[in-house]
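Q: As they're listed, the protein sequences go chains Z and B.
Under the working numbering, the first residue of the first sequence is numbered 1, with each subsequent residue one higher.
Under the working numbering, the first residue of the second sequence is numbered 1, with each subsequent residue one higher.
To be clear, the hints were calculated from the coordinates, so they are not data collected in a lab.
What you are looking at is a predicted structure, and each value in this text was computed from that prediction instead of being measured.
Where chains are identical, the list cannot tell them apart; a pair therefore holds if satisfied intra-copy or between any two copies.
Here are the simulated lysine-lysine pairs, BS3-like style, with alpha carbons at most 30 Å apart:
| id | residue 1 | residue 2 |
| --- | --- | --- |
| 1 | K396 | K63 |
| 2 | K396 | K160 |
| 3 | K29 | K396 |
| 4 | K435 | K241 |
| 5 | K449 | K461 |
| 6 | K29 | K89 |
| 7 | K160 | K449 |
| 8 | K29 | K449 |
| 9 | K435 | K160 |
| 10 | K396 | K449 |
| 11 | K435 | K461 |
Given next are the chains, with one letter for each unit.
Number of protein chains: 2
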Amino acid sequence: MDQADINSIDTIFNPRTVAVIGASDVYEKWGFQVFSAAHESSAGTARRVYPVNTGASEVHGEKCYGSVLEIPGQVDLVLITIPAPLVPKVLDECGRKGVRGAVIITGDFAESGPEGAARQAEMLATARRYGIRIVGPNIMGHISTASGLITTPFIHDIVKGRIGFASQSGNIGVQVLQYGYNDNIGFSKFVGTGNEADLTLEDFVEYFAQDKDTDVIALYIEGLKNGRRFIDLARQITPRKPIVVIKAGRSEAGSRAARSHSSALAGSDAVYDAAFKQTGVIRTGTVLDLIYTCSALCRQPLPQGNRIGIIVIGGGIGVLAADECLRLGLEVPPLSPETIRRIDEVLPQFWSHGNPVDIVAESSATNECILALLDDPNIDAVMCVSTPGLRQILPKRINHVPPATRDATVARLNRTIDTAIADLDRVINRMDEVKKPVIFCKTNPVEEKLNPRVFARLNEKGFTVFRTPEHGAGVLARLLWYSRYLRQRQSQRYDAQS
Amino acid sequence: MDQADINSIDTIFNPRTVAVIGASDVYEKWGFQVFSAAHESSAGTARRVYPVNTGASEVHGEKCYGSVLEIPGQVDLVLITIPAPLVPKVLDECGRKGVRGAVIITGDFAESGPEGAARQAEMLATARRYGIRIVGPNIMGHISTASGLITTPFIHDIVKGRIGFASQSGNIGVQVLQYGYNDNIGFSKFVGTGNEADLTLEDFVEYFAQDKDTDVIALYIEGLKNGRRFIDLARQITPRKPIVVIKAGRSEAGSRAARSHSSALAGSDAVYDAAFKQTGVIRTGTVLDLIYTCSALCRQPLPQGNRIGIIVIGGGIGVLAADECLRLGLEVPPLSPETIRRIDEVLPQFWSHGNPVDIVAESSATNECILALLDDPNIDAVMCVSTPGLRQILPKRINHVPPATRDATVARLNRTIDTAIADLDRVINRMDEVKKPVIFCKTNPVEEKLNPRVFARLNEKGFTVFRTPEHGAGVLARLLWYSRYLRQRQSQRYDAQS
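So that you can see chain Z by itself, here it is in the shape it has in the complex (with noise of 0.2 Å):
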């Protein structure tokens, strides 16, 4: 890609003008979920969003127009929703208008077979004709944090953040982006690609390696256009900037329903796997992980061995860390006597003395645990199981204390947490210091209510606290994967050069 395409893609993430063709007032048509979300998104921006339908003269008590071609002045970005048969016209009039980017929603072209795959070639020469570039169509729409531009109609909510991601799936994108609100996991761009009449995966994957709002880019792919360009770009982008995927079409039947779903022809998944392999981009399997993969990137040292130091609030927990760990071909290995030392110092005498190291419930001393682990010369990595300060307060029992001291045990309480999350910052910056990841797991579904302040904090400094101990083990298996080819890349580059 040349400047010229970066500049029409920067357009369409960040538009001074919008104008969205079948914009309406029907509450189940995706023309007024596509306008509602570009209108309040672009609420308090320079932006302005003017609705666009042949039928009204009013959408959301704003004033409609006819054509885009009415509208005063530079339209810069359409979103179209109106049914496939009349895209190629009001495109021509896109054109007119000099409209550089269109986001097609609308779907029945070439995924619902020849009629709609010759529809879609018409609407293509129409766009090139003028110069328009195309996102989609059949896409659920695209998002920039950035710019403050949502055009997804189905998602609650997203937080601002560092993750670039391009989906081949509609459903698939807004997934990942509500299991990211979830979890707090914030994101720079994204966009659907769909049937990728004009632009495809592999110019947003370009795109995002040169965007300076995105440090790790997030995929999810069904099949590639260009597997060539794909490798060629993965190879030039790994060493800087991770690439994450979800790669879809493992199965036979996974493969028939992408080509019905995507016309994307999937290809041998074993090909694919061997050039992610080869070119140092990181394969994940579900939704879950390629997002908690990517925010561990956002933040994380990347570990340097396969050595697994674990903390846990009881036992049971331990035992299944731990065994994940192993099954994944991490190790967890013996403490050190000098980090056994240090631990005696802060847990009741009967602790394990071992790796998983079980704090028995002693939540207040989970950091002083992690620093003694993070200075282990045998430890490469920690996974916490378990947020610091965490004393399953329920709010309902603190009614239980006698009225002369539950003013004194709420302070106490308080002044738990106070300390925590000062130890917590020690914590990040010696993390930082010796270069190790510390991963965060939850031990519980509710323990965000239960210890909010910790995991406010902790989201603050950029760490998501994981579901489970398994969605951490992996994590850090492939946060290993990543950091060992790097390391064989760089060796090789140094032989290339000797």
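Following the hints, position chain B against chain Z.
A: Coordinates of chain B only, in the frame set by chain Z:
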């Protein structure tokens, strides 16, 4: 076990009077949390819960006794939270008082070394002398939803249901119950077995087998005291009541952690695995897989084959769901012409015409698609990814509908949901008639907020909506394994008879 043993365990789960030894007004003490839990949960029942503490005259504003001997009348059960060295003497008083059961929360017994082991032996001798049955020590309490007793301190709440759960880890116990609560999965009883000084996991398995409140037995196992007895029990029980387990300590590091946690002799994992396979015990790997499998066993018919029909709200999610089914040995076969004809009637013509059935966001057609798949002779089970009637209604967005049509819009959306609910009842009836399971999975972490009435109806009818299609596929694979085990057992019986 004989009837007297069953009666003793019955008393532990359904005592008329309980004393909490170590009850306290200091929030951070176990005696505070356990007394609060027992006291709160017994409100509105005929049960009396007495605080006992030598150092207090009142606890939670109630008269506190210096010894269990001072309590007027019979005491059925004691909950003990005082330090380990004090336990043997207190247990002697309990014996003199005629107490029948003791739930010993306190740790620092056999799990902490020789001194603790000696203490545990002394305590057990005292209990045996008086005929007191012991649960624990080193546990996090027990629960009976039927009798409304909760002695487990660190849970938010629990749903009444048909799963009986015994756990060799208190933390895993709490985790399972909290995940269950979050997904509205109900339990009949819970018990942590801890060090198993007296009552063992095997005892509770035998108890649950005859318990009228329990339809499915869930277990977290680190190591069995009497493997032979477990095998004999499992062989007898699984044809009538499913047993679902997590067995920890798959790895060497895990086994080591298990030993230091509950002093369990984990033994070779391969031996356990073979025993489970031979006796029809369903093995799962994670807490969510455990409760989801139990939930499905409580409500769903067992699949008679491995051919899965998948319904999805959008393409990409279907591809991943099909991939996961295939990975687990399930099939996603083509649909019969009659099924395609029926689905043609309810979906736009450009639907996928294959399996997975991509409903292209036409949520109102979900139920008709499930019915068509249930009637397809080539399909053994249905997995529906997204709840029927899901329209992803964002409450804040309704305000963008012009005031003149807002009421009519809300009424129309509600009618769609009314229809979805009525059709859902037809689906459930048909499912029971044709005896094929229907598994629902979320597409979205906030789907219950977007579609609350349909979620509520599904929960009412005993269905859990699983978090991801991956979870759903795992449940189907385990149900199929169990179904095949049962058929094989059945045919062996016929062979033996002929």
